[in-house]
Structures are given as C-alpha cells and as structure tokens.
Amino acid sequence: MSVDARDRLLSVASPIALFVLWEIAARAHWIDVRFYPAPSSIARTFGTMLANGTLLANTLITLERFAIGIVVGGVPALLLGLAMGLYRPIYAIVDPLISATYPVPKSAILPLILLVFGIGEASKIAMVAIGMFYPVVINTAAGVRQIDRMYFDVGRNYGARGWAVFRTIAFPGALPVIMTGVKLGAGLGLILIAVAEMLGAPSGLGFVILNAWQIFQVNVMYVGIITIAVIGFALTVLLNEVERILIPARPRH
Amino acid sequence: MADAKIRFEQVEKRFFLRDGEHVALGGVSFEVGSGEFFVIVGPSGCGKTTLLRIAAGLEAPTSGRVTIARGDGDRPENAMVFQGESLFPWMTVRENAAYGLRMRGAPRAQIDDVVGHYLDRTGLRAFADAFPHQLSGGMKQRVSIARAFACDPEVLLMDEPFSALDEQNRTLLQQELLRIWDETKKTVVFITHSVDEAVSLGDRIMVMSSDRGRPKAFVDVPFTRPRSVLDLRATPEYGRLFGDIWAELRDEIRFPVPEPAA
Ligand SMILES: Nc1ncnc2c1ncn2[C@@H]1O[C@H](COP(=O)(O)OP(=O)(O)OP(=O)(O)O)[C@@H](O)[C@H]1O
Ligand SMILES: [Mg+2]
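Chains as they are written, first to last, in numbering that gives the first Met the number 0: chain Y, 0 to 252; chain E, 0 to 261.
Everything labelled a hint here was simulated from the structure, so no lab data went into it. Since this is a predicted model, take the numbers as computed values, not measurements. Just so you know, even glycine gets a beta-carbon here, dropped at the ideal spot from N, CA and C. Take the hints with a grain of salt, since some may be wrong.
Just the calculated beta-carbon pair ranges, DEER-fashion [as the list claims (entries may be wrong)]: (1) E:Pro88 - Y:Ala27: 51 to 61 Å; (2) E:Leu16 - Y:Ala66: 46 to 56 Å; (3) E:His116 - Y:Glu120: 48 to 58 Å; (4) E:Arg107 - Y:Glu120: 42 to 52 Å; (5) E:Pro88 - Y:Arg160: 15 to 25 Å; (6) E:Phe14 - Y:Glu63: 48 to 58 Å; (7) E:His116 - Y:Ile92: 41 to 51 Å; (8) E:Pro88 - Y:Phe34: 50 to 60 Å.
Below, a sample of chain E positions facing chain Y; criterion: calculated Cβ distance under 10 Å [as the list claims (entries may be wrong)]: (9) Gly56; (10) Leu57; (11) Asn77.
Excised from the complex, chain Y in its bound form (with noise of 0.2 Å):
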C-alpha cells in the first residue's frame, strides 16, 4: 500500500471510529444520552425529518439566504477592491474606513443589522453580506496591488485600456489572493447566517437549531448541526475545485 493510499484509509477509518465509539459509549449509558443520543438514533430523526419535508425545506432556505448573501457583499467587494488596487486615490479614501470597521466583530453588530433591516430576510441577508464583504475587499485590494507594475505596462503598451486593464490583468493577477478571501469570507457568511438564523428567523438551520433547544429535542438539535457541518464540508470542496479550474497557470507541486 502506498503512504497515499494510507493517509487516506486512516482519515476515513477515524470519524468512523469516533461515531462506532459515540454508538457504543451511548448504548452501554457511559455518557448521558440526553446530551449525546446515539449516533444511530440521530439517523432515525435525521430519516423522519427528511420524510417530512422539515429538514430539505430549512436547508434550502438557509442556503438560498446564504447564496444571495455571498453575491451581495461579494460583487460589490471584487469591484471596490479592484479599483482599490488600480486606484491609489480610491484606496487612500476606502482603506482607513475599512480599516476602522473590520476589527468589529460581525456577530456584535447582528443586533443593530436587526433593527436596520427588521427581522425579515434582509437581515440574514445583509449578515451573510458583511461575513463576504470584509475578507474579499481586502484580499481583492491588497491582491492588485501586488501584481507587479510591469504586467501593467505590458498591457498599456499592448493597447489594454479601462475595463480590459480590470479583466486582462488586475482580476487574473489577484485571483490567487482574491479566492482566498473568498473561502474566508464564505466561511464567515456560513457561521453569521446560523447565529443570524438564531435571532428572529422563523425558518432556516440556525432555527431548527435553537427551537430544538427550546422545545428540548436533542436529537433535532444534532441533525441541524451536521447538516451545517455538512454545507460547510461541500462549501470547502467546492471552492477548492472553483480554485482548481480558475487558476490553472498556478505551478502546483
């Protein structure tokens, strides 16, 4: 067997491990079931809430918010950040005030964005947003600002004007730097739609979450955790993937 081969073998066999363990140590009661039920009675739950529709339909709802979210703060920060990096006077203008901001903690503010867009979905919306704006303005700025001048010059000479300059050179050349702020601030919008989702939202997995707290139904409890855990897990592969075929030129070792 190759070391490859290996590795891989070993990080499937240890969550499978850990949850034949969490079964056993549920079953012979070593651990308090009312806080950690078993795995396979997780699964049950997990069927019946897929049955009945509950689960697929708050999954979907916290995705769709989750996805307008990423474009709404993303759009606008690739194009801010793009003409940060181009712009010396834009960025002398847009760095201190996103300077000032940033170190705000984004779930601090979940109260305020509540009593700016109401309870409704604009408010998951707009925390989604703010997860997504942050880390993509900054790495998209800091990621033009790094493409050597020369690259810029090459494009003058060769007769790229405004728009061509953001497509030809200033995107692809910051397009390592920009993905990475893209998994960041995928990555927080992710975390702020279940914390947002938690505070008056009728619907959505950081709903199902919190109500089956309240109602004490541990077991739903659980299955809305791992069906984040799980968007978050597909999230990370896909934009790896994204990463793959955007960035091809990338020497890769």
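Use these hints to put chain E with the ligands onto chain Y, whose structure you have.
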C-alpha cells in the same frame, strides 16, 4: 535623414529623488531610418530602458519628444519586448501571443491566423496551450517576440530580450529573430549590453554614453542580409567592428571603486 521612422528630439529625462534630482537623459537626439535594424549599446544605467520607455509612450520625457512616422493602415505605433520576464503567467502561450491583437479588437479568425503563423515561426506550436511557467527561458522570450510581431506595429522596441539567456540559446534566438525580421523588415530599436549581439544583428549601432545617455558614436554594419550569425562571427570584418565598438565603450564603463570603510 529623409525617411526617418523614429525621431528622438532633445529628449531629456530627470528623475526627482529625495536627495535631489537625477538626469538620466540629457537632451538626446538621433533618428532611426525606416526599415532599419537599429541597435543601442551602452553600459548599465546609462538610460537605455528609459529612452525606450519614452519612445513607447510608457514614460513622459521631462522635455523634448519622440515622434514615430505613421505608415498607412491602422497599426499600433509600437510594440515592446520588455527587459526580463513579461509574459502574463495566467495566460497560455497562445493567449499571450494574441494579447496585442485582442486588445485592438481584431476579429477572431485573424487572431488565430496571425498568432498561428508566429507560433510556427518561433517553433512554439506544440506549446500553444502551455503556461509560461512550463517553458524554458528561451521559449518565454520567443513568446514575447511572437507577441510583439503579431500585432504588426510600426516599430518594434526590444529591451535586452536575450540578456538572461545562456550563450547557445542567445545565438539561436538571434538567428531566429533575424529570420522573422527578414520577412517583415520592420523598423527595430534593439537594446543590448553585448557588443557581439549588436554587430550580429544591427544595420547601425549607436554607442550610448554613461554621461546622461549622450550618443557617443554611430557605427554602420556592412554585412549583407540574410545573415548567418555564426558565419558572420568568423569574418575579419566582424573582429574589426567588435574592436571599434569596444574602444568606444571602454571609456564609458567605470569600475566601481570600493568606498573606504568609515
Ligand atoms: N523610476 C525611476 N526613478 C528614479 N531613477 C530612475 C528611475 N528609472 C530609472 N532611473 C535611473 O535612471 C538611470 C537610467 O536607468 P535605465 O533603466 O534607463 O538604465 P539602462 O541603461 O536600461 O540600464 P540596464 O542596462 O542596467 O538595464 C539609472 O541611473 C536609474 O537609476
Ligand atoms: Mg535597462
């Protein structure tokens, strides 16, 4: 000069620095003929790149001007082969070579045609879809040259395109450049450190002084075209020219005197 293609008139460039100013070019004037392969040799730091960047419109002269005579047709005024690596790492060989045409909005079919031609001429056809990091130094410079020729400019500006290459690769690329150039007879301004390279390639050589880029001597190269770079180097005429230019250059190269320790 009657049919001057490029006219440098009193080109002056000062760089303003924290501790005063630095005169890189102090009123440099000369002309390059239409269809001429014009080579500039000069010591490091004498202002060669600055002069070329001004000709390319990438830098504004402090005073004076550079004019490039326009032929007929809608051609770009100049295309530059930059000193050092200048290919976009995020584009394939084909996309890099097509860049100038694409930016000028050339039709797809024409781009494919012209780029295909120059990829063939530079032996890069098989690497059309490779990225720069997959190429050797010589191949990268071939792509830069293909990119410059492909957009069919009025004049070609080349800033030490082969200086980073080893001896064999350099000779090879010099020969290839001459072969491609023979087909188009474009006006070329070619910068080099190497006297060898200047004599092998040029119709006329300007020796640039380290004193504010002042043109120090113009040397006509009598060799006929097409040339074989290797055969040329075996001739006595070559040795004589080489010696002449070195004699001009020798006074310009100052060996740094180490600062006495404080
Ligand atoms: N942006 C700049 N700011 C200040 N000084 C500069 C700048 N660009 C060039 N110089 C100075 O102008 C002089 C000429 O530089 P230039 O790059 O044209 O030399 P060069 O002849 O091309 O040298 P090399 O053969 O080493 O490439 C040098 O003394 C350099 O330090
Ligand atoms: Mg130079």
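Right, here's what the structure says about each hint:
The beta-carbon spacing between Pro88 of chain E and Ala27 of chain Y, approximately 59 Å, falls within the hinted interval of 51 to 61 Å. A hinted range of 46 to 56 Å holds for the C-beta pair Leu16 of chain E and Ala66 of chain Y, which are about 52 Å apart. As the Cβ distance of His116 of chain E to Glu120 of chain Y is approximately 57 Å, the hint placing it in 48 to 58 Å holds. Evaluation of the 42 to 52 Å hint for Arg107 of chain E and Glu120 of chain Y yields a pass: the beta carbon distance comes to about 44 Å.
The supplied range of 15 to 25 Å is met by Pro88 of chain E and Arg160 of chain Y, whose beta-carbon atoms lie about 22 Å from each other. The supplied range of 48 to 58 Å is met by Phe14 of chain E and Glu63 of chain Y, whose beta-carbon atoms lie about 57 Å from each other. Range check, His116 of chain E to Ile92 of chain Y: Cβ separation about 47 Å, and the 41 to 51 Å hint holds. A beta carbon spacing of about 53 Å between Pro88 of chain E and Phe34 of chain Y agrees with the range 50 to 60 Å that was offered as a hint.
The interface hint given for Gly56 of chain E holds, since its Cβ lies 8 Å from the closest Cβ of chain Y, which is under the 10 Å cut-off. Given the 10 Å rule on beta carbons, the hint for Leu57 of chain E holds: about 5 Å separates it from the nearest Cβ of chain Y. The restraint placing Asn77 of chain E at the interface with chain Y holds, with a minimum CB-CB distance near 7 Å, inside the 10 Å limit.
Consistency note: the structure conflicts with none of the earlier hints.
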